[in-house]
Amino acid sequence: MSRPGGRAAALALVLLLAGHLARAGAAPPAPDTDARAIVDRVDRLLRGESSEGELTMVVTTRRWNRTLTLKVWSQGTDKALIKVLAPAKEAGTATLKSGEDIWNYLPKIDRTIRVPTSMMMAAWMGSHFTNDDLVKDSRLVRDYEIAVASEGVHQSARVWEFLLTPRPEAAVVWGKIVLEVRRNDLMPTWARYYGDDGALKRTLTFGDYRVMGGRLVPATMTVVPADRPDEATVIRYASLRFDVILPPETFTLAALRR
Amino acid sequence: MLAPIEKNRVGPEPLLPSPPLGERGACIRNSGLGLALRLGWRNLWRNPRRSLLTIGAVAVAFAVLILLVGLVEGIARQMVANGTRLMLGHLQIHDADYLPGRSLHDTLGGPEGTDLPALLAAVERAPGVRVAAPRVQGFGLLSTGPRSAGAQLVGLDPGREARVTTLLGALVEGRGLAGASPRSVLLGKTLAEELAARVGDEVAVVTQAADGTIGNELWRVAGLVQTGLGALDRSLALVAIGDLQALMGLAPSRIHEIAARLDDPEGAEAAAATLERSGALPAHARARSWRRLAPELVDYVALLRGSNWMTILIIGLFAAFGVLNTMLMAVFERTRELGVLASLGVRPRQVLGIVVAESACLAAVGLATGLGLGALGMTYLVRHGWDVTRWTEGITVAGVLFDPVMRAAWDWPGTARVAATLAGITVLAGLLPALRAARMKPVEALAAPVE
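For the protein sequence lines, the chains are A and B, in the order given.
Going by this note's numbering, the first sequence opens with residue 552, and the numbers climb by one from there.
Going by this note's numbering, the second sequence opens with residue 456, and the numbers climb by one from there.
If we strip away everything but chain A, and leave its shape as in the complex, we get (with noise of 0.2 angstroms):
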């Protein structure tokens, strides 16, 4: 399956999204917080302790497009559903995530399919995030050590620019991240994934920022690979609750398929 790599780590960041956008919209940003609280407070802001949102995703690539609409649950970092609501042809498929697992549901087939190691790279949903986005469960502030490369003014708000470099032991996929991130919302206007090599990988670009399920959060999120630059996957939320009770029953493989 085609192009590992990219994409998949915006989904996992849609995922968190949820979640942290709302706790960090409330707090005011202190004058004197450090750059490990900035960027904990940003990354928290796409996990949330539960979400429940409808969002649409557009993948657009050389030789196809799509678009998906997909409603998504998730409690704390380890567990996610995914369900495709249209296209007709596609409804009914569903992802599941629970720690470092990750299951295909496919209606047309009625089968249920456990996403092997050897696949977690692989493209997930046919967009440019890989299944390993999904599962991945790091925390920025346990794998990375955080310093602000720079302070300026983007888009005339005042921003700062977080450079993170994985911690020796951490297990990540990333050579460093860079992260920018508005200091009168803590909100985040873009983050830049890099390989091992040095090499520019992904953009991340956040906008629309909206208050939504009562916490400002940044309403889309476009993912583009490096390597194709006139490719991109756009994710969309149109409503998001955080949260939620969601029954327990909710990340099982039973809920799966229905």
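Just so you know, these hints were derived from the structure itself, not from any lab.
From the three backbone atoms N, C-alpha and C, an ideal C-beta is built for every residue, glycine too.
Treat the hints with care, since some could be wrong.
[To be verified] Calculated Cβ distances over 10 angstroms to all of chain A for the following chain B residues:
#, residue
1, Arg-497
2, Arg-504
3, Gln-663
4, Glu-721
5, Ala-823
[As the list claims (entries may be wrong)] Here are the simulated lysine to aspartate or glutamate pairs, EDC-like style, with alpha carbons at most 20 angstroms apart:
#, chain 1, residue 1, chain 2, residue 2
6, A, Lys-640, B, Asp-666
7, A, Lys-659, B, Asp-656
8, A, Lys-727, A, Asp-748
9, A, Lys-659, B, Asp-718
[Claimed, not checked] Footprint (simulated), chain B over chain A, 3 or more residues, beta carbon under 8 angstroms:
#, segment
10, 667 to 681
11, 742 to 756
12, 765 to 778
13, 791 to 805
Following the hints, put chain B in place on chain A, whose structure we already have.
Just chain B now, kept in the frame of chain A:
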């Protein structure tokens, strides 16, 4: 042990011309090479035991080298045959972008595909091409209940494939694809074990289709294949070409590969060039010989052949030292005789010729005997081969299954090169004693003690 030279003088055919030497000396000079050879030949048999031993050494050296060269040639041919006939074929045609990434979008003729029957017919019309087979390839996830494994999906035309490669002949269980119901799949044996799938079971297959959707289908296991190559047995899933096209969302006109079998594998380079020039291929298509497709196989075969030379030189040197020793002895024990020759007016160059002729005769007899011995061994090794199953089992080299019964094959140019090398080394080894003989001063030589 040396015979006194007087013995020769009383022989029925005197070795040396007797006086008057004016005429006879001229005779020696005139008949040059022929006489030197005759003298060399006769000198050779003055000490038959010693000569025979040295001849034996040269003969055994040559025979061993013939067998070595023959075995290596046999192994090389076997590897090429095994490497090409399992899956590679002698020639493959792809879209220029298909290799090495093997993107499912890079089909022959682009997204529009190609007129497949016409293309196959055109390829088979090319000189030297026996038969061509179309293929669609992809990667997918196979799953049976809780178990799943990545697989190399190969869609093929069973009738044609069977005439190009032995892939379908590797069936060890169940029935083949020919005449099987739609959505039948043959799995590599190890892959089937990993999936705990048996013949008759259903497996789910999931892949990314050409339109970005998730291609998914249920296939029924019609049989298991075992090629002996671990990498293939662990990953192969063979289906009818139409089933794979349906799964991957490819139109029937879209294929990734054509593999062809030729009359002669050595003609692959030329056939590929002819095909590319002919205009019969779709735009942007490339034909590549097995040499281009499996360079590691080519390198390995070259390495095999090249490594022979080490052995040839080492064994050759041993033979050369034997000859050197023999000829030094021969010259040494004939010191007085050579002194007589010199004082009779035989020129140093002629003496040199006689001694070199003797080592040449030695080499010739040795090589002839060695050829006989070697041919005898080769006859056996060509027919029955050398079964090394005892020591090895299922070894793969350069991605090719190594046949445990090594069959030799005559490599005539190689054998001729070995013969020439041995002859060269032997004569060269004879040159040193010959120079010594030629430089001998008559007075000193005649003063040498008679043994």
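Evaluation of the provided hints:
The Cβ of Arg-497 of chain B lies farther than 10 angstroms from every Cβ of chain A, with a closest approach of about 77 angstroms, so its non-interface assignment holds. Listed as outside the interface, Arg-504 of chain B is consistent with that label: its C-beta sits roughly 71 angstroms from the nearest C-beta of chain A, beyond the 10 angstroms cut-off. The claim that Gln-663 of chain B lies off the interface is violated: its Cβ sits roughly 4 angstroms from the closest Cβ of chain A, which falls inside the 10 angstroms cut-off. At the 10 angstroms boundary, the C-beta of Glu-721 of chain B stays outside the reach of chain A, the nearest C-beta of that chain being 37 angstroms off.
Every CB of chain A is more than 10 angstroms from the CB of Ala-823 of chain B (nearest about 62 angstroms), matching its label as outside the interface. A distance of roughly 13 angstroms separates the Cα atoms of Lys-640 of chain A and Asp-666 of chain B; the hinted pair therefore holds under the 20 angstroms criterion. For a cut-off of 20 angstroms, the pair hint linking Lys-659 of chain A to Asp-656 of chain B stands: about 18 angstroms separates their Cα positions. Our distance criterion of 20 angstroms between C-alpha atoms is met by Lys-727 of chain A and Asp-748 of chain A, whose separation comes to about 10 angstroms.
Proximity of Lys-659 of chain A to Asp-718 of chain B is assessed by CA-CA distance (about 46 angstroms); at most 20 angstroms being required, the pair is judged violated. Proximity of the segment 667 to 681 of chain A to chain B, defined as three or more residues with a beta carbon under 8 angstroms from a beta carbon of that chain, is established by the 7 residues found. Interface restraint, the segment 742 to 756 of chain A with chain B: violated (0 residues with C-beta to C-beta distance below 8 angstroms; minimum three). Interface restraint, the segment 765 to 778 of chain A with chain B: violated (0 residues with C-beta to C-beta distance below 8 angstroms; minimum three).
Here the segment 791 to 805 of chain A counts 0 residues with a CB under 8 angstroms from a CB of chain B, which misses the bar of 3, and the coverage is violated.
Of the numbered hints given earlier, the model fails hints 3, 9, 11, 12, 13; all others are met.
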